[in-house]
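Asks: Following the hints, complete the assembly by docking chains B, C and D onto the known chain A.
4 protein chains.
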Amino acid sequence: MPNKVLQRTYEILEGTTNDKITKIFQYFIIALISVNVLFVIIETEESVLDEYGYLFTPFEVFSVIVFTLEYAGRIIVCKLNPKYQNKKFGILRFVFTPMMLVDLAAILPFFLPFVVMDIRFIRIIRLLRLFRLFKLARYSDSMQTLGNVFKAKAGDLSVAFFILFVVLIFASSLMYHAEKDAQPEIFSSIPASMWWGIITLTTIGYGDTYPITLMGKIVGSIVAILGIAVYAIPTGIMASAFTEELRKRKEQKNNTCPHCGKDITHS
Amino acid sequence: MPNKVLQRTYEILEGTTNDKITKIFQYFIIALISVNVLFVIIETEESVLDEYGYLFTPFEVFSVIVFTLEYAGRIIVCKLNPKYQNKKFGILRFVFTPMMLVDLAAILPFFLPFVVMDIRFIRIIRLLRLFRLFKLARYSDSMQTLGNVFKAKAGDLSVAFFILFVVLIFASSLMYHAEKDAQPEIFSSIPASMWWGIITLTTIGYGDTYPITLMGKIVGSIVAILGIAVYAIPTGIMASAFTEELRKRKEQKNNTCPHCGKDITHS
Amino acid sequence: MPNKVLQRTYEILEGTTNDKITKIFQYFIIALISVNVLFVIIETEESVLDEYGYLFTPFEVFSVIVFTLEYAGRIIVCKLNPKYQNKKFGILRFVFTPMMLVDLAAILPFFLPFVVMDIRFIRIIRLLRLFRLFKLARYSDSMQTLGNVFKAKAGDLSVAFFILFVVLIFASSLMYHAEKDAQPEIFSSIPASMWWGIITLTTIGYGDTYPITLMGKIVGSIVAILGIAVYAIPTGIMASAFTEELRKRKEQKNNTCPHCGKDITHS
Amino acid sequence: MPNKVLQRTYEILEGTTNDKITKIFQYFIIALISVNVLFVIIETEESVLDEYGYLFTPFEVFSVIVFTLEYAGRIIVCKLNPKYQNKKFGILRFVFTPMMLVDLAAILPFFLPFVVMDIRFIRIIRLLRLFRLFKLARYSDSMQTLGNVFKAKAGDLSVAFFILFVVLIFASSLMYHAEKDAQPEIFSSIPASMWWGIITLTTIGYGDTYPITLMGKIVGSIVAILGIAVYAIPTGIMASAFTEELRKRKEQKNNTCPHCGKDITHS
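Heads up: the sequence lines are chains A, B, C and D, in that order. Counting along the first sequence from 1, when you hit position 1 you're at 1 in UniProt numbering, and nothing is skipped either side. Counting along the second sequence from 1, when you hit position 126 you're at 126 in UniProt numbering, and nothing is skipped either side. Counting along the third sequence from 1, when you hit position 192 you're at 192 in UniProt numbering, and nothing is skipped either side. Counting along the fourth sequence from 1, when you hit position 180 you're at 180 in UniProt numbering, and nothing is skipped either side.
Next up, chain A with everything else stripped away, as it sits in the complex (with noise of 0.2 Å):
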């Protein structure tokens, strides 16, 4: 393949030019994966399949063909990426960057049962597909934004689940031994009982589970109103991280030039 062609196609892929060609590419594969999501929402609907069933089948090998060609021509064209670029290892490098490992789970489900033949496996490897919306992430800066907030506050989030998880476990034991004798067919054992404790604790409260005894409703009151306060503390965390997120990225944005895109603060 002549180089320009290589130039060429190694452009539109990784979408370093704004040209009408890249944007085309960029939002046909956005429609292809949209589509690809709600296909598999949509083909669990029986009516819809008794209808539109025989279009399911060439549009997956469709999309499986186009995402293929997506994940070869990225692999074939990373050499040209200044950053793999005359590396040791450079494409195997590239390979197992975490958006080339999506790319790989966006094709994997439709050529892993020619390898495994169980039918379960099978079932569980049609919901993979589900894994094509994470294909997004390159052209979306929102689950960015989500991914930049994780890291920045996995310590912060680390401290309220596991603030959650010490009130969750003393809740569903105190509430286990308190409804235990009064309704043993839902709160059989502690396990049983940590399925209330969620329900309450995020103040869903179904009302499949709740306790019926004095000494259970005494439990669960103490519970939900010191659910507040354990509610409260992950609220706070994701509130404040995601606001102080999206105020960097407009500042980030402020000093981008309009027309080439590069960074003018002047240092």
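The set of hints was computed from the structure by calculation and includes no laboratory data. Fair warning: this is a prediction, and the values are worked out from it, not measured in the lab. Hints are supplied without guarantee of correctness; some may be wrong.
[Unchecked claim] The calculated SDA-like cross-link candidates involving lysine to any residue, where the alpha carbons are at most 20 Å apart (straight line), are:
no.: 1; chain 1: D; residue 1: LYS88; chain 2: D; residue 2: ARG74
no.: 2; chain 1: D; residue 1: LYS151; chain 2: A; residue 2: VAL167
no.: 3; chain 1: B; residue 1: LYS248; chain 2: B; residue 2: HIS177
no.: 4; chain 1: A; residue 1: LYS88; chain 2: A; residue 2: ILE75
no.: 5; chain 1: A; residue 1: LYS248; chain 2: B; residue 2: ALA154
no.: 6; chain 1: D; residue 1: LYS180; chain 2: C; residue 2: VAL64
Replies: Frame of chain A, contents of chains B, C and D only:
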């Protein structure tokens, strides 16, 4: 019509002056809108309809006459508005401003049935009378505040709702596969499971759909806990945006002369 | 009554000094209020009423005597209060201060049945004894904090609740039209649907009313997601207002001399 | 025991050095605590008890031996601790520190049944083994963070919970009077109605108790909307307190020398 009458009508309709008659006119329109919305609501209560039903039609006719006169008046005097004066298609531009379209939507439900005669169509049109509520926006700071908040944070909110959407798709798909054998009626398809997903992620938890299998409860627990983070993001954005907007509004008010209502910031 | 006794009574009742007897008096009143509220609550529990019912009337009489003496005392010594001294209608002004009206409301439920004899009226009056709880406001910083917060943010909160109200009207009207044919008992009218709307928008979700049709579930999903934003606004306002008020209070305390309790800010 | 061994034991137990053996000891204790808590939870699951029940008693004996040795060790080496050295009743003071009481509570549930033989008493004691979870506080920053937050905001939180309590009393009393005739079983007394009040104000909404009369639904609606404000206050306090505390912690870490772990702020 003499110019003086036109000028006075313009002042009253657009509220450019603060005199008594203008205020009385504004309060009359606000009251009329409120009673109209109240009527749309209570006319569905059968006991009310039986007793006071004979009042509804005359009141509707009276309201539409007032609103139509108001609408016509605004169009007639719009040539006195410096924004649309001496401009090509001035009246046409004015007619298509958002507030004028709302005013048209407020009277249309009355006139449309004369044109179209389908009963089901008329039913939906009756509901359209609720849009009269938006006529209040002209007189209400709070609805303009809300509008500003949504405009300013549209990008951030779309990020938050895209994340909510991604989590929803994964949660519903997993729950569908976990529960479809145990509760085929409720979790009949992924779209059907999305009802469960939304009611769980928003922590409403009606209790009409909830997992009963061990795998379903594990998926549900993870979704419930993840939901805290998902729920926190739009909450944080809206809370901070609203607080900010209200602060801005207050500052703006402090920079306004209490005598003439004009900006007094010394540039 | 000699002036010295009057002066001492004034000091004790209004808490202008910090001596031991004043403190004992205050703790005694606080305890009496707490026990009174406790009694209003537990006298509805039949098992308690059967066993300890004979205690309730003497205790009520005792409480009313104490509260009446306190009320009368406050009126008698109010002429020593520099705020109401030497002013026209000083006593009358004092009697109509909010805290004095609360004090009156605390004893009125006992005396009113002597005037009006309707049984249903007496029932409601018994409930009025709960207003004794507000007598605590005199001794409690927290209730004054709440009052300040509501005063300071009344405008912002009314904006938030107006938005909640608009969303509620639209949500309930749409849900009524979507569900009235499928569940005519539950969604019998728009006002009836508003119960669903409030329980959904506040994310309580009892599960007594929920949509079952596809259209109803779509409306419900949109309302649930919109509800996040609607719910976030008052939450943000209250949270920030309360944090601010508590910070102010702390600063004020730091500016107060720990010896004499007076402001020590050097202007 | 020679002094060198004592010194080394002190270093390992109190974690004053950062060497490999100290770390191994700490991870061993953390693992032992975790497995202990896991056992308390899963031993209530009958299927687990049937299959692995024979493991529980030996593991319990082993854990108690380790925890007892640890407890005894800490007391023996406490004279090397500069805080308690050369002080009157040094050991006694040390024994009554919160963490030593937690350590005692972790082994007591094993030894108490030898003294008291009542079966119901033993049951509760078995639950006390969960307090071993708090032994983690020695090694976990997050639980110390939570402790600091509660200490710093105790005043603010008590204000928030007092307000919650006042709203709860009024809500429950009004709901009791509105619903007692329609649902005498559920709203049998004000204390019984408080279960409804807590589950509603915390937005859990199980659906076991809800108003069915018009008056009850009106009271419920007002309480639900008021609940937004009540719920927002502790949420705001906890969220801001936690964010603040985590920021402080980070700053403190930045002010600590990475080599010796001491404070490097230049005063």
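Asks: Against each hint, give a clear statement of whether it holds in the structure.
Replies: Here's how the hints hold up against the structure:
| no. | hint | result |
| --- | --- | --- |
| 1 | D:LYS88 x D:ARG74 | holds, 18 Å |
| 2 | D:LYS151 x A:VAL167 | holds, 18 Å |
| 3 | B:LYS248 x B:HIS177 | violated, 49 Å |
| 4 | A:LYS88 x A:ILE75 | holds, 15 Å |
| 5 | A:LYS248 x B:ALA154 | holds, 17 Å |
| 6 | D:LYS180 x C:VAL64 | violated, 27 Å |
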